[in-house]
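Spelled out, the chains give:
Protein chains: 2
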Amino acid sequence: MNVFKFVSPEIIFGPDTIWECGIHAVRLGAKRVFVVTDKGVRASGWLACVLESLAKNGLEYVVWGDVSPNPKDYEINCGSIQYIENSCDSLLAVGGGSPIDAAKAVALLVSNGGKLSEYEEVDSITRPLPPIIAVTTTAGSGSEVSQFSIILNAPEKRKMTIVSKSLIPYVSIHDPNLLETLSNQSMIYSGVHVLTHAIESYVSKGATPMTDLFAINAIKLSANSLRQVKGGSRSKELNHCLAMANLNAGLAFSNAILGAAHAITHQISGWFDIPAGIVDAVLLPHVVKYNLSANRVKYSNITEALGENITSIEDGSDRVIDAIASLFRELELPDKLSDLHVNLNLYPILAQNIIKDICLVANPKQMELNDVIALLRRAY
Amino acid sequence: MNVFKFVSPEIIFGPDTIWECGIHAVRLGAKRVFVVTDKGVRASGWLACVLESLAKNGLEYVVWGDVSPNPKDYEINCGSIQYIENSCDSLLAVGGGSPIDAAKAVALLVSNGGKLSEYEEVDSITRPLPPIIAVTTTAGSGSEVSQFSIILNAPEKRKMTIVSKSLIPYVSIHDPNLLETLSNQSMIYSGVHVLTHAIESYVSKGATPMTDLFAINAIKLSANSLRQVKGGSRSKELNHCLAMANLNAGLAFSNAILGAAHAITHQISGWFDIPAGIVDAVLLPHVVKYNLSANRVKYSNITEALGENITSIEDGSDRVIDAIASLFRELELPDKLSDLHVNLNLYPILAQNIIKDICLVANPKQMELNDVIALLRRAY
Chain W
-9 MNVFKFVSPE IIFGPDTIWE CGIHAVRLGA KRVFVVTDKG VRASGWLACV LESLAKNGLE
51 YVVWGDVSPN PKDYEINCGS IQYIENSCDS LLAVGGGSPI DAAKAVALLV SNGGKLSEYE
111 EVDSITRPLP PIIAVTTTAG SGSEVSQFSI ILNAPEKRKM TIVSKSLIPY VSIHDPNLLE
171 TLSNQSMIYS GVHVLTHAIE SYVSKGATPM TDLFAINAIK LSANSLRQVK GGSRSKELNH
231 CLAMANLNAG LAFSNAILGA AHAITHQISG WFDIPAGIVD AVLLPHVVKY NLSANRVKYS
291 NITEALGENI TSIEDGSDRV IDAIASLFRE LELPDKLSDL HVNLNLYPIL AQNIIKDICL
351 VANPKQMELN DVIALLRRAY
Chain S
-9 MNVFKFVSPE IIFGPDTIWE CGIHAVRLGA KRVFVVTDKG VRASGWLACV LESLAKNGLE
51 YVVWGDVSPN PKDYEINCGS IQYIENSCDS LLAVGGGSPI DAAKAVALLV SNGGKLSEYE
111 EVDSITRPLP PIIAVTTTAG SGSEVSQFSI ILNAPEKRKM TIVSKSLIPY VSIHDPNLLE
171 TLSNQSMIYS GVHVLTHAIE SYVSKGATPM TDLFAINAIK LSANSLRQVK GGSRSKELNH
231 CLAMANLNAG LAFSNAILGA AHAITHQISG WFDIPAGIVD AVLLPHVVKY NLSANRVKYS
291 NITEALGENI TSIEDGSDRV IDAIASLFRE LELPDKLSDL HVNLNLYPIL AQNIIKDICL
351 VANPKQMELN DVIALLRRAY
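First to last, the sequence lines map onto chains W and S.
Under my numbering, think of the first position of the first sequence as -9, with each following residue one higher.
Under my numbering, think of the first position of the second sequence as -9, with each following residue one higher.
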């Protein structure tokens, strides 16, 4: 019976809602929109839809279109200068987590000034941000509904997690049709990212009865969609299902925070510039093994949500690692950090950054430096 | 796979969160707060807590403390004049649905002008409202999270339902301790109100996968709490459970709208000045009987959520009316409109207003004037 808070953007979900982004920008008072995206989205054709919708609604825009995966602090500084030089008054991010996180960070700098590293403490943003609209083209990061922006501190090769209600986009658009341009492989990586978000937020110390509803639903939906995509299916229904899983997982982790798998992933993906979703998946079974005793009831519920029949809480929780690992084997995911070309010798340095990551605070079981290093070795 | 939207206020939930209202008012830029409440809340002592929190945070306030049950349009006009004459800049409603709906309507008039009847069309509010904080002292109306404000058009004896995103409070505070001052009877009426909100929003034409999660959870939680309260239990855990049910049902119906039971209740409770929750309960079994064929799967899920074991969708949906009626008998609720001193001769006039009520549009099965009159006769 703890106190909790729950925040959510205005959510627009459904086929063809990408065409609504111009209307929402007008409603939010935008005149000149800073459009943040990346190369992949430009190639997919979705950027063109967004720009057409803005133009149809009489809006001017500037496109900042080369955000890199794992966006870097120096990129954000450049973006902020462009936003100001072009006299923009609002932002529209279209893409996966990288463009959306980058747009949030630009919005933060242009309104509050200073350096991103000054905002690493939770809720340390004081001045209001310009309106942000997020259009997600993947089903993975959840950034379009979350309080998080994760940016690489490039000189330190360390990911900074900035957490604040102010970073929640004003409007979050979830158009399942946008998943059509993802390859089967990308759909699987997206879905696994959703699943790890859902599992970590469900057992997080910050979990609440509200986030639990979303997390457990996201586990069911993502596990089910992943199996079908792996089986060769692609359909509008599957896109819908995975987009809904992503929305649910995003609302869960935005309000419940995550855990050790994400704390570790942030730092590994940042250092080696590897996509976060795949690192998460390698780590998850090891993290669950470490955490299991902290909440057997919830781990048993996870086993059930993954589609297994269980006979008791003991049975369900005993089988959770197998359930996750067997799903990941079915999906043919890498299962060792060494497969991702992570350098074992760097573990002591990485571990120093990992124990400072805000997600580690929410992990259901306390984790010290030595525990992190031991876990990294087991996952190698 | 329809398009849907989902909106929610910032939610603060938990014991003693009533003391946070001053902090949130400061954060929203308030200097002079218009506090809206009623006689019962003043007597309960909760108003004093709210005022203490405002004063501690250096805020000035004016108390408008006599909102009536089923608030009337002429009251709102008086409240608006007081708000303006006292140079207020924000509102804090503390109470059940009546003070919260009244605060929303005052906020609407002082910012957008005109008459309330000009805003009966969905989303017809154009200018931003001053910040509203809602502190709910009951677990029934859900107004503290909803897009609705329901005000009696006194000359016409007709309830007006105003629906707009702009009416969602900025911050909604749910402190389960506040239920301690409710009598057992009031707890039961509150819980039944929550249950009818949850059931009607679950089968509404406006239901979405997001609102379904909340609605089905609210059915489980409220049915369970109601049985315990009737059995003589009162505890912090039960208050927590019912407050959570109310929050979930409120988020469900705010986004999914309701159905025929509420359309009819609005007009009966408005005309005869009877508490809405109890009229709902009398009508619900009759409305479910009328609607049953429209969605057997969902009605079967409701039977299960009410705590019954079911063997199939047919079995579950066949037994939903019995499940509801038997719970209501257990709670010793009135089961005929005649018990509420509703005048049979007025049915034709009431029915004219009922078919104009916005909630009827969302009812899962089309309802014409004759259907409404026939249902009213059966419920007499």
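One or more of the hints may lead you astray.
In this list, chains with the same sequence are indistinguishable; a pair is considered to hold if it fits within one copy or across any two.
Unchecked claim - Calculated lysine-lysine pairs in the DSBU-like style (CA-CA distance at most 30 angstroms, straight line):
#1 K62 to K46
#2 K(-5) to K210
#3 K226 to K105
#4 K226 to K29
#5 K147 to K105
#6 K46 to K226
#7 K279 to K46
Since the hints were derived computationally from the structure, they do not count as laboratory data.
Bear in mind that the values here come from a model prediction, so they are computed numbers and not experimental data.
Same-copy or cross-copy closeness of K46 to K226 [CA-CA at most 30 angstroms]: within (27 angstroms within a copy, 55 angstroms between copies)
field: 30 angstroms Cα threshold - placement of K105 relative to K147
entry: within (16 angstroms within a copy, 60 angstroms between copies)
- prompt: Is it within, between, both or neither when you check K226 against K29 at 30 angstroms Cα-Cα?
  reply: within (25 angstroms within a copy, 54 angstroms between copies)
message: When Cα atoms must be at most 30 angstroms apart, do K279 and K46 count as within-copy, between-copy, both, or neither?
response: Neither: 53 angstroms inside a copy, 48 angstroms across copies.
task: Evaluate K226 and K105 at a C-alpha cut-off of 30 angstroms and name the case that applies: within, between, both or neither.
output: neither (42 angstroms within a copy, 45 angstroms between copies)
- prompt: Is it within a copy, between copies, both, or neither that the alpha carbon of K(-5) lies no farther than 30 angstroms from that of K210?
  reply: both (25 angstroms within a copy, 22 angstroms between copies)
field: Within, between, both or neither, where K62 and K46 count as close if Cα-Cα is 30 angstroms or less
entry: neither (33 angstroms within a copy, 43 angstroms between copies)
Checked against the numbered hints listed earlier, the structure breaks hints 1, 3, 7; every other hint is satisfied.
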